[in-house]
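Residue strings, one per chain:
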Amino acid sequence: MAKINVDGKVFEVDPNNNLLQEILSQQVDLPYFCWHPAMGSVGSCRQCAIIEYANDEDQRGRQVMACMTVPREGARYSIEKAAGFRAQAIESIMINHPHDCPVCEEGGECHLQDMTVMSGHTYRRYDGMKKTHNNQYLGPFIGHEMNRCITCYRCVRYYNDYAGGTDFGPQASHDNTYFGRFQEGPLESEFSGNLAEVCPTGVFTDKVFSKHYSRKWDLQTSPSVCAACGVGCNINPGERYGTLRRVVNRFNDEVNGYFICDKGRFGTGYVNSSERITVCMSRDTHDGRPVQIEADTARAQLKAMAGSAIGIGSPRASLEANFALRELVGADNFHAGVSDAEFGLLNQVLDIYSNRPVNIANIRDIENSDCIVILGEDVTNTAARLALALRQSVRNLGKEMAAKLKFPNWQDAAIRQLAMDRKSPLYIVSPHSTRLDDVAKTVHIASAADAARIGFAIANALDNSAPAVSDLSVDEKTLVDQIVADLKAARQPLVVSGTSLLEPALLNAAANIATALANGESRCNLALAVPEANSLGLMMLMQGSGNTLGKALGSGSKQAIVLENDLYRRAPARAVDSFLGGLDKLAVLDTLQNRTGEAANLVLPAGTFAESSGTFVNYEGRAQYFYSTFPAKAPILSSAKWLTEGKKTEEILAEVAASLPGGAILNKLTPGADFNFAGMRAPRQHHRYSGRTAMRANISVHEPKQEQDEDGIMNYSMEGVPPLKDATVFSSPWAPGWNSNQSLFKFETKVGGPLKQASHGVRLLDNSGAANTWYDATVTKASGDGFSVFPVYHLFGSEELTSRSPAIGEKATAAYVALNPADADKLGLAASDGVQVQHNGAVPVLLRNSIQPGTVGIPVGLDGLNFQDMTANVSLEKARDWQSPKGWRAANIIVSDRSMKKGEAN
Amino acid sequence: MNGPKLPLTKNIEIGRAPFTLAQYQAAGGYVSVTKALAMEPKAVREQVKDSGLGGRGGAGFNTGLKWSFVPEPDGGPRYLVVNGDEMEPGTFKDRLLMEYDPHLLVEGVITSSIAIQASQAYIFLRGEYKAAEKALQQAIKEAYEAGFLGKNIQGSNFSLDLCLHTSAGRYICGEETALINALEGKRANPRFKPPFPQVSGLWGRPTVVNNVETICNVPGIISYGVEWFKSLGINGQTGTRISGVSGRVKNPGCWEMPVGTTFRTLFEDFAGGMLDGYEMKAFLPGGGSTDFLLPEHLDLPMIPGDVAKAGSRLGTSLIMVLDDKTCPIGCIENLMKFFAHESCGWCTPCRDGLPWTEHMMHKLETGTGSMEDIERLEEMTRYMAPGNTFCALAPGAAEPLQSGLKHFRDEFIEHVQHGCKYKQH
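From first to last, the protein sequence lines are chains A and B.
Numbering of the first sequence is given in the numbering used here, commencing with residue 1 and proceeding in unit increments.
Numbering of the second sequence is given in the numbering used here, commencing with residue 1001 and proceeding in unit increments.
Looking at chain B on its own, in the form it has when it is part of the complex (with noise of 0.2 Å):
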């Protein structure tokens, strides 16, 4: 079980350029890819499913799971494509890996690709981000020079192309099937599932979307196998993942830690808890899109299933802290108001429930909202639930809004009543 403790950022050192490939080649680079090609692309598969990766997005589902969906291939091209739309708020886990070791992104975009025998894969990267566009163009020319991108990768029967693609900027192009859509030249509308990406994905032939993160820890799955990964973890998990911090801490800043590890650990040991005269009221655990959790909750290792039953998701772990000073209304209306905006505009719960949602937060937080206001909120957290609207982008808005609501009622009515105390300070 020889291998890198910390295989996500071992090569990143904040301050200096990223790796070239020769340096990155040094460090262990590229080697599950010569691995891979030496195996049926069935049992590369194989490997990262017993690996129990789960996707970095958000959603956490078994990554070789995902990709065992991928029909037989028939001769036609297939697809892998990065998700690198990193749009989540308080989320920037992504944007370290790609701007500090590009490289590690393209060779496990082509070991990924040689397990689902993709001949072309494509990067859908964040418009602004700006930086991680330069560091990746540069690695992929290095790549392609080296011969691990274009015909006959290493010698082998195996092609892939590579290409960057860089956004024109919407939230919901981090959802999979809009991602497709606007990297087709489309609307960044989601698309109906079924038929899921891998039967009838980009172009209409089988895809696979994952995110960065994702994409990233199969190399070293490759490398130095499922036992290796399975040690990582901690809690009965397995590998690691990057969390950080978001908000009014002494040390914000994301960092690279065993799966499994807990909120506190994360909170004090990492971000070394609030700054000076600022308590936590509470923490938004995976981004803007996820329940509050309170205090209490800090114990929860950062699991799925874990943050589940304390009533949120862990999202993207990466948390942001509400702290005693800052408006909760304040808070959730700016939210609403991001989601509002970065609807886009297909079914009708999401368009037309949030823009109003963000109207009631508005009224609340600027002292003339009403008692019927907080009922309406309530019922519009009802009506925008999972299952009522084409995609997750509504559901997902609606959850800080609904725990703020069972958590920071107290301060909802105090909002009718007397206006927004904080503001008066």
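If we strip away everything but chain A, and leave its shape as in the complex, we get (with noise of 0.2 Å):
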């Protein structure tokens, strides 16, 4: 640590730090534009600038940037004495800004102006003419007002630099910069959404939000999770007039850090569409048609099934909501929603977690590696947020020949230009290409079961007690040797696979490289994807049970209760058709009309993530709550709530703590119903929250009774005390003069810290594994004729809720089936053609040189095919008087398809 005197006060602050973020910590303010934690220092703003003196006789000084600058123990420096250029800055940088803050959505959490205030910029002087530019279209999800542009460089270094796009840039010069594409059109990153939080004023903006935007500080918020991936990244939606309006990143230094993906900011569209089921309804069985009932009539029916009905819980749904219905129907009765396939993997999962000498990776110790093995995993589309991660990992060689060359690890730029293209070892192994394909030193692509026998292979390898893979051919031999070579001398390894391809061996595989690196208390870091929110929390509540979804369907029940689940995408249509077909009485909670609740008797409608409380428990085994950011609008309630005649949802996480082996660890994931601030909850409401006795008027001049929270320690109003010190309950980062979302560090211990007193959530499963101790090497060769079928996911398609979200809608594609061109040359198929798969009707064929011969992959819960009801192999022909789906497009599906040829890419 180091001593500094700023304006006379001393700090102990980190020598390695940069000193705008070393004063930051210390909570002092210093205004800074190109600056951000998670990208370091490049200096180009300026706006930083402070004065260092030499020694205690320098009364003059040297103006610095104190971005680009290292702390030096025992140094004084004046934030004061450069305010007159920091104004001079902040002036010449506002000369070309629009005045358009009223209309401007950024408005009123902007940075540059809080910036422009804080900078001391209050007459205008500049009297020319302002830059103009022409804005582009960018997608549904970006809008782009280029005119506010403040030239701070931060999108580019964003989108470019760290999340690895290349769709986009800076183009011209001088202070006719301008940022955009090459041609207008959707941006391609997975992650183009943080463009909206990064840039510091309105340029890049959130376009949903845009097109109902709302002040900050009118919109109700709430701390919250991303229901729509394994992941859990930490959210803060925004309501206003009972409508989402939008998600922002809400920061969790060991989930998502300061980024989220697209999917989860742009995919809450559903909450507000116009299929949700707003109403409790019973369907007669005599006409079949849906009538509207009471709640309690509804409550009454529901309960009147316990004893008699099985319940089918849900991977989306909450472990509150999956436990209320394991004790209505009793736990025999309690099947697990999810494919049966799945199921097993599941369960595998959680056993690798609880008894091998592994640690599971959380995005910082992704962030950390410095080898990484992906087995079979595309990453991006099936839990994006660690994608953006693993394309920070490579970056750590290029971090330590800086450091050898003694470089501060700030200094983005210069630790780039380094490394250059020298990456730290990333190897993908994977039946198709993949968006990380550009930062892997080797791809290889095989069949899941090819990648799992060199996974197999692998940790036989390093360590000969692991059970061996004979029959390797010389190519897969050579690859082994590499990565075992790269692995032995890696100081963090990560191995990352997932469930995603439904093969087993695969991470049996995973586990078996893991525990061979595993030396004594230095474990190596292992990361297994899972599909949906709760996956891992609702197969933690079947405890060992064998109750698959199977093992439902073949019941022969008469009355089932199904929770927040479309059955078509779990089990054949068949399957489902037969089982739905015999019941008695099928009671449906579900948000969203789908094909299952269309056979229900009963639908009670429940809750989005954004009107309940709960937790979910992600890929990491680790259970985090969500507070609901407004309240349901009657009769619309929680699954909690219906199934356990409203019982407080704490009340119920409890009860799930309780019940769980190890789960009292979960009382801790709030700060008790006891918790209160001055005596009073936390408002979800800002206290400059405009309307209040207005917002209604149209509708009843009576301002109606504030909505009351039963639950835990919010409010749905104003009332109470906002936490502005610690985050405990995070609604909204806001500070005396931060208005912006830069105003986190105010939260944060320090720059990128943890939060003050916030809950990171919990680790269920901190395990106790011993060494040595191995999964058989066993991979079972899909065989048969036909094209071998494999799973791919889409981002933008394959969940079931988001994909609902009109946004996520545009960027979404029709179902197709991807193949070798040279099996689609034995077909007779051209790349315009249609596929006839089996019995499942006629999709576009995509033709990629990444899928290997004899194989096909099937999209996953694409509109126009269902996987579920896809055999192991499956026959092909082509289609006849085929005309292509409107608006189908084979572009960025399959993307980096290494093996095309230059111009033959679709």
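Think of the hints as simulated: they come from the structure by calculation, not from any bench.
Heads up, the beta-carbon is just placed ideally off N, CA and C, and yes, glycines get one too.
Wrong hints could be hidden among the right ones.
[To be verified] Restricting the straight-line Cα-Cα distance to at most 27 Å, the calculated cross-link-like pairs of lysine-lysine (DSS-like) are:
id, chain 1, residue 1, chain 2, residue 2
1, A, Lys3, B, Lys1193
2, A, Lys423, B, Lys1186
3, A, Lys399, B, Lys1193
4, B, Lys1421, A, Lys404
5, A, Lys130, B, Lys1193
6, B, Lys1337, B, Lys1230
7, A, Lys406, B, Lys1337
8, A, Lys399, B, Lys1186
9, A, Lys81, B, Lys1193
10, B, Lys1186, A, Lys441
[To be verified] Pair ranges (Cβ atoms, derived):
id, chain 1, residue 1, chain 2, residue 2, range
11, A, Ser832, B, Glu1145, 49 to 59 Å
12, B, Gly1185, A, Asp481, 33 to 43 Å
13, B, Asn1152, A, Asp58, 47 to 57 Å
14, A, Asp58, B, Gly1236, 30 to 40 Å
15, B, Glu1145, A, Ala172, 41 to 51 Å
16, B, Gly1185, A, Ala403, 23 to 33 Å
Take each chain as given, in its own frame, and dock them per the hints.
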């Protein structure tokens, strides 16, 4: 640590960080634009100027940029003395900026507004013409208003340097510098939405929010957790007038840091969907027409089913809702609402995490890894946030090179320059090319089974007590040797795999590699992606029970309660049809109408994550609590409340904690029902929330009673004390003078460090696995006629609820089959043709060299083809009288087709 | 101390084609390569350092010292990059050298590469220099054919490749780190220093960037020795350099002369003084980004330290003469327009300060300026001062303005009160 003096105050700071970051960590205000805690310093905006004095005698000092300065032990600095220059800097930054704050969606939470005020620019002296630019169409997610640009380069440093985007960049120069795409068109990165948060002003904005924007202080917000995949990124949703307006990142240094993916940000449109189930319905068995019924009637009917009904849980419903169903129907009658293949795989993940000597990798572990092996999982499409972290991990080699030359670790441009294309080794073994190919040392295309064999061979080469694989090809052997050499040389290796390819051996192989690398206390990082927000939570509640969905479907039960689940996405349609057909009574609790719900006799409208509180368990086995953002519109209720007759969510959570082995830790997820600030609850609305007495005046001039939240510690109102000094209940970051999300540092223990007093969530699977226990290297190779099927996932489209959000819908594609061009030739297929898939209708063909001959990639969850209806092998033939579906385009599907010859990619 | 008196231009005759390799060798060319190959690289560096050769690109830093910051070879590639992006307003000396004696530069590149153990050299050439491009291509081709470039040069263990890169054109490419970025195919934005290019330069590897004229001095130093080089200078300086004059003088041009020659000798003896009917009002001593000097400064020797004491910079030592019938406000406005346009757009004071400065100069020149504008222009020169910006472009741009405000303040005020009197003629 170094002792420095800033304007007479003495601080202990870390000399390994830059002066700006350390000053902010001391909670001292110093304006900046181009610096970003996740992206280091480049020194372009000149807004963080500060005076550095050489010694005690030096009265004049030297002006430096704090972001580019190493804090020196014993040095004196003055922020005050450089105020004049900072005022000049902001004045010239602002000469071209439009005065459109009143109609700008960024207004009121604009870092530029804050810094303009903080830097003391109050009067406009520039009397010339402003520079103007044309804006671009950048797709359904991001709006573009270049005239607001202050040329801080944060966008390009985020989008290109950090997120690996290649379709965006700075163009032209001097005061005409332009940030956009070469041509108009949708941004290709899966992480483009972060631009809206990275841009310090309103150039890049959340387009979905912009269509119906509200000021930050008029949004009702809460600490929440993304429900769109198994990563569990922390988010702050925002609501006004009963609609969910947007989602922004909520910092959690262990789960998502400063960034989330576009599915999480733009995939919540379904909350406002017209297809929402908003009333209780009963379907008369005689004429099949649904009738609206009272909530009490519905609740009574549901309760009456207890004892005779089986329950089918859901990986997208909260721990509390699943537990409540389990309690209602009894554990013996509670079935996991996942496909049977997934059931086994998820149990395997639990087993590996609990009984193998591995370190379950959180995002920081991933970013710190210096040799990575990805076995099978297309992380970008199944657990996107991890892909962004993996992109950072390959930079560790460059960071080590820079450290040897004593470059400061925050000198981002210098480190990238030194490293050039030298990267820490990342190996991908996958059935098709993926988005991460560009940062991989080697991409090896192999079926899931072959990927598993390679994995087992790696483990065996690392530790010969691990089971061996005998029949490796020369190429596979070379690859294994190369990977083993790099893993051995690594300081912190990482193995990534997951359940998506539905191959149990893959998980075993990944576990064996990690086990082979474990050495006493030093454990190998292992990250296993799981499909849904609460996949692991659901399986934990199964507690080893063998109640698969298949068992439920074959049970011959006459009554069933289905919790937030469309069974047609979990099992073949024929099996579901026959099960539903055999029921006397089916109760469904869900948010959106779906095929299962259409067969229900009793439909109960369930709240989405935004209208419910609860707990999800993510891919790491980390339980995280989410607070409802706004009250559900009656009779909508959270599923947990339907199933428990209105028990408080926290009470149910306490019951879960008592019921799960080692579950007591769950009680730490919330500050507890007794928690208060100065005797009051925390408000979900800002103190500046406007229109409270007027916003419903067009309906009635009488102000309605404030909605009560029976759960927990937050109010659906502005009453109470907002946490301003810590993040115990972190609805929305705000601090005096810091209205934008840049106020986050005021809540961090230090810049980039954990939030003060916030919950990171709790890890339920801290293991005590012993070394040298191995999984068998058994790989069952599929055989049979026809093409061997493997699933292909789409970030936009594969997930059930998000795909029904309008913005995601615009990005999603219709179903297709992916084939090797050689196979297409044999079938007489051209790129524009359609394919008949066994008995499942015709879809377009997608030709990719990276697909192995003899195999076919079938997308999961896309309109037009149900993966659950596929057998292990399918026959394909050219569709007759084929016409491509409207808007079908092959672009951006299975990208980075490396082996494809130039110009051939479509 | 045998050796030519004018080592840089001895082979140059305007109107005649440049020497072929054979002609160049017959005139004593490529001797330094053979000599340097027989020396320890460190000894070559020391010799250049001892000669006192200062960089001719404008900053004047000791060349041998600059080379000494390159770390010891680690087996990886190292680069020599010649800065031939001569875009400083009023500067045209490198053009003369490259168009008329390209082999001198090629020889200098080889000898300098031996000194720093570079395996690859680049000449970064201003895109508009078509004649120089042609001449250099021919010279490089001949040098390869004669075994001065390529593998095992002259039978030694030393190998070197030389590429000619023609720039897409930007003033900022003259800044060494922006030049490196441009060479890599990136945007020509400067890089932060440290790290210096000697440690992490082109492709993240040790790199030395030198000006064309600097490199052209190296063959002489190695061929004829330090003492000879020292004997060339006057007023305590070493070597020769090319200085020149533009503006309304009788004989504009550039000439090689001893380092330490006075401005007056350059202006009167070489350029023949002002055209009849014109008086010298002031001059920019070394390019558009230097402070104006006045006729009273003509007796200064062209030595960086002496010029700095008078409140300017020697820069490239090609002076631009401002006469009494040209509007100084218009002259400065024109310079601001150039610099504002050539800002790379990376840092705020340069990107947004220069266009505002240009705007105010334009107001003054068109008679719509105010006294506040003059005050604000002064403020601008402080805003764009060294240390406030990312590189030297904006501080350089501020130099003619700040000295103009000092020397021609009356004319600025006159422009506010009566508009531009020069236009009314």
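For this structure, which hints from the list above don't hold up? 4, 5, 6 and 7
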